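Peer 1: Given the coordinates of chain A, work out where chain B should sit on it, guided by the hints.
Below, each chain spelled out in residue letters.
Protein chains: 2
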Amino acid sequence: MDRIVECVPNFSEGRQPETVARLEEAIASVDGALVLDRHMDADHHRSVITFVASPEAAVEAAVRVVARAAELIDLRRHTGEHPRIGATDVLPFIPMRGVTMAECVALALTAGERIAGELGIPVYFYGYAARRADRVNLEDVRRRGFEQLRAEIETSPERAPDFGEARVHDSAGAIAVGARHLLVAYNINLRTDDLTVARRIARAVRGRDGGLRYLKAIGIELGGRGLVQVSMNLVRHEQTQLHHVYEAVRREAERWGVQIAGSEIVGLMPRAALQKSAEYFLQLENFAPELVLEDRIAAALAVRHEIKDADDVTETGGVAKDELDTDGGGLS
Amino acid sequence: MDRIVECVPNFSEGRQPETVARLEEAIASVDGALVLDRHMDADHHRSVITFVASPEAAVEAAVRVVARAAELIDLRRHTGEHPRIGATDVLPFIPMRGVTMAECVALALTAGERIAGELGIPVYFYGYAARRADRVNLEDVRRRGFEQLRAEIETSPERAPDFGEARVHDSAGAIAVGARHLLVAYNINLRTDDLTVARRIARAVRGRDGGLRYLKAIGIELGGRGLVQVSMNLVRHEQTQLHHVYEAVRREAERWGVQIAGSEIVGLMPRAALQKSAEYFLQLENFAPELVLEDRIAAALAVRHEIKDADDVTETGGVAKDELDTDGGGLS
Numbered sequence: 001m002d003r004i005v006e007c008v009p010n011f012s013e014g015r016q017p018e019t020v021a022r023l024e025e026a027i028a029s030v031d032g033a034l035v036l037d038r039h040m041d042a043d044h045h046r047s048v049i050t051f052v053a054s055p056e057a058a059v060e061a062a063v064r065v066v067a068r069a070a071e072l073i074d075l076r077r078h079t080g081e082h083p084r085i086g087a088t089d090v091l092p093f094i095p096m097r098g099v100t101m102a103e104c105v106a107l108a109l110t111a112g113e114r115i116a117g118e119l120g121i122p123v124y125f126y127g128y129a130a131r132r133a134d135r136v137n138l139e140d141v142r143r144r145g146f147e148q149l150r151a152e153i154e155t156s157p158e159r160a161p162d163f164g165e166a167r168v169h170d171s172a173g174a175i176a177v178g179a180r181h182l183l184v185a186y187n188i189n190l191r192t193d194d195l196t197v198a199r200r201i202a203r204a205v206r207g208r209d210g211g212l213r214y215l216k217a218i219g220i221e222l223g224g225r226g227l228v229q230v231s232m233n234l235v236r237h238e239q240t241q242l243h244h245v246y247e248a249v250r251r252e253a254e255r256w257g258v259q260i261a262g263s264e265i266v267g268l269m270p271r272a273a274l275q276k277s278a279e280y281f282l283q284l285e286n287f288a289p290e291l292v293l294e295d296r297i298a299a300a301l302a303v304r305h306e307i308k309d310a311d312d313v314t315e316t317g318g319v320a321k322d323e324l325d326t327d328g329g330g331l332s
Numbered sequence: 333m334d335r336i337v338e339c340v341p342n343f344s345e346g347r348q349p350e351t352v353a354r355l356e357e358a359i360a361s362v363d364g365a366l367v368l369d370r371h372m373d374a375d376h377h378r379s380v381i382t383f384v385a386s387p388e389a390a391v392e393a394a395v396r397v398v399a400r401a402a403e404l405i406d407l408r409r410h411t412g413e414h415p416r417i418g419a420t421d422v423l424p425f426i427p428m429r430g431v432t433m434a435e436c437v438a439l440a441l442t443a444g445e446r447i448a449g450e451l452g453i454p455v456y457f458y459g460y461a462a463r464r465a466d467r468v469n470l471e472d473v474r475r476r477g478f479e480q481l482r483a484e485i486e487t488s489p490e491r492a493p494d495f496g497e498a499r500v501h502d503s504a505g506a507i508a509v510g511a512r513h514l515l516v517a518y519n520i521n522l523r524t525d526d527l528t529v530a531r532r533i534a535r536a537v538r539g540r541d542g543g544l545r546y547l548k549a550i551g552i553e554l555g556g557r558g559l560v561q562v563s564m565n566l567v568r569h570e571q572t573q574l575h576h577v578y579e580a581v582r583r584e585a586e587r588w589g590v591q592i593a594g595s596e597i598v599g600l601m602p603r604a605a606l607q608k609s610a611e612y613f614l615q616l617e618n619f620a621p622e623l624v625l626e627d628r629i630a631a632a633l634a635v636r637h638e639i640k641d642a643d644d645v646t647e648t649g650g651v652a653k654d655e656l657d658t659d660g661g662g663l664s
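For the protein sequence lines, the chains are A and B, in the order given. Numbering-wise (the numbering used here), the first sequence opens with residue 1 and increments by one. Numbering-wise (the numbering used here), the second sequence opens with residue 333 and increments by one.
Isolated chain A, as found in the complex (with noise of 0.2 Å):
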């Protein structure tokens, strides 16, 4: 797949892995559309599913998923501390590999069209693909919750949807459609049990408060290890970035007195996160990924392919000789 959309709906149900099985199915029954990852939590009583796609796999992939959603869950009999207002609660699309984000914002607005349409439920556009400013948010569009949403909906003009008649649909709810950067999920664990701590941490790193501008943080205690955790959010990795987070939690917890006990990736992790990281920590002064062995033996190959398609089998030289500069692996 040269073009690939990341696609990562939440689900209203965290306690039945037939139903989120169910789920899977109807997004893998696509052709094109490639489920890479699912979590549930039954605390929340909640479902993540990620799944990547070509752009137009993705929408059908996401219409199918959430009218699968509509008919297995039934919002009127969940209960969650999780804030949500739909079976499938909240679906955005996220440019992973050649695909820009107003394409993105245009597969969220086709997909939330066909939602509206064909499954008579209420959307709300929010993230890049939000209609209205006070629904960039996503915070702000389910904020109070599902049986806030069903009484108001129909009366408070403030509430209305940007898609479908303004009325719940019976046991689905509404839905948040959105379109926003890939999110990279990380947390730091300190060796203290003092909650304050992780959550003065918390308000010193993060953006809402002055800190790193695309982090979110709270202070979360960590139950059986005894130790307390900045649990993150990076919105924007590319800007707020991986090793810039490490550092200021360090530097925030040696102000406490308190170390590091270790991080952990929750989900997936883009490999140039990784690689930015390495390179910070390394001081490497010329790392660029063509220094990446694995990424340069498959530029040669695409290389190789293209010209077999070519059928200039005159050139096959290898990589590009301007491409060459770099030592062979060391004089040996």
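It is worth saying that the hints were derived from the structure and are not from the lab. There could be a bad hint or two in this list.
Said to hold, decoys possible - Restraint ranges, calculated between C-beta atoms of paired labels, are given here:
no., chain 1, residue 1, chain 2, residue 2, range
1, B, Ile552, A, Gly257, 58 to 64 Å
2, B, Arg568, A, Met1, 32 to 38 Å
3, A, Asn286, B, Glu570, 21 to 27 Å
4, A, Met1, B, Gly589, 40 to 46 Å
5, A, Glu103, B, Ser361, 57 to 63 Å
6, A, Gly32, B, Arg429, 40 to 46 Å
7, B, Pro621, A, Glu139, 32 to 38 Å
8, A, Arg131, B, Glu570, 51 to 57 Å
9, A, Gly32, B, Arg464, 54 to 60 Å
As the list claims (entries may be wrong) - A few chain A positions that, by computed beta-carbon distances, are all more than 12 Å from chain B:
no., residue
10, Glu6
11, Arg97
12, Glu264
13, Glu285
14, Asp295
Claimed, not checked - Covered stretches of chain B, going by a simulated chain A footprint (3 or more residues, C-beta under 8 Å):
no., stretch
15, 367 to 376
16, 434 to 448
17, 548 to 556
18, 623 to 632
Note that the structure is a prediction, hence the values are computed from the model and not measured. Cβ atoms here follow ideal geometry from the backbone N, Cα and C, with glycine treated the same way.
Peer 2: Frame of chain A, contents of chain B only:
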């Protein structure tokens, strides 16, 4: 290519780009061999070409380029500081993907047999391909250079080649053919012009003098920048790891009151080395290659292809269930 061998021949020609281009052509003329990189060093009058190939293609490409070098390079007219015994001086086979060291030894022996038999060049095996304990180290094989070898090979049993007649090829000399691990070349620049410091640090960190076992290191001056450098080879980067090397040099530099100005990768770096450095410095507790988004996509695509190959379209549920225990990118 499922099975990949890397091959890094060194040639006694570092000044004529046309000659090196013709050597590259000889390699690329073999189907399944891909030139990744080349490096010419005019001072040492020496070049290094890095190519990858299937095991079968690797031997054929190696023999062809050794034959081409014997035509184009006349060692009798070659001068340069670097010790060398042949037009193609060194020819190592390196396991890269789906290939064992034992197989690379077999490839080295096959290539050596053909080079001796077809081209009349005497062959010395080194590294894992060595047939005698005193030839494991490449330095021991070529230390006294072509001129000395030419004088001694016919009379000294100690200098007898492993394959071929005890007589150097008139213009192409001899060749060292070997099997070894992938070598990572990594240099750290120090913010001082005191060469003594670089040399002391090199001695403190390298395996030969009791430091990190699989690390070779020397201290050198870095002409134009007024800096000195610890120039290093990690001969088994999975054992002696990049981040340990960086930290060892940093610590020793501190002891002399000197800071690290930067570092550089020479040639190509395996992806795993960078990822392990990121894991180390970020103190990641749960790192696994499966957490890297691009790798997960590649794995999902591979599963899909396997499924398609097996004509078993009822099983298109994406990756195996027991791989799916991680989060889907954070609740959003």
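Peer 1: Could you tell me which of the hints above the structure violates, numbers in ascending order?
Peer 2: As far as the earlier hints go, 1, 4, 5, 6, 10, 11, 12, 13, 14, 16 and 17 are violated by this structure, in ascending order.
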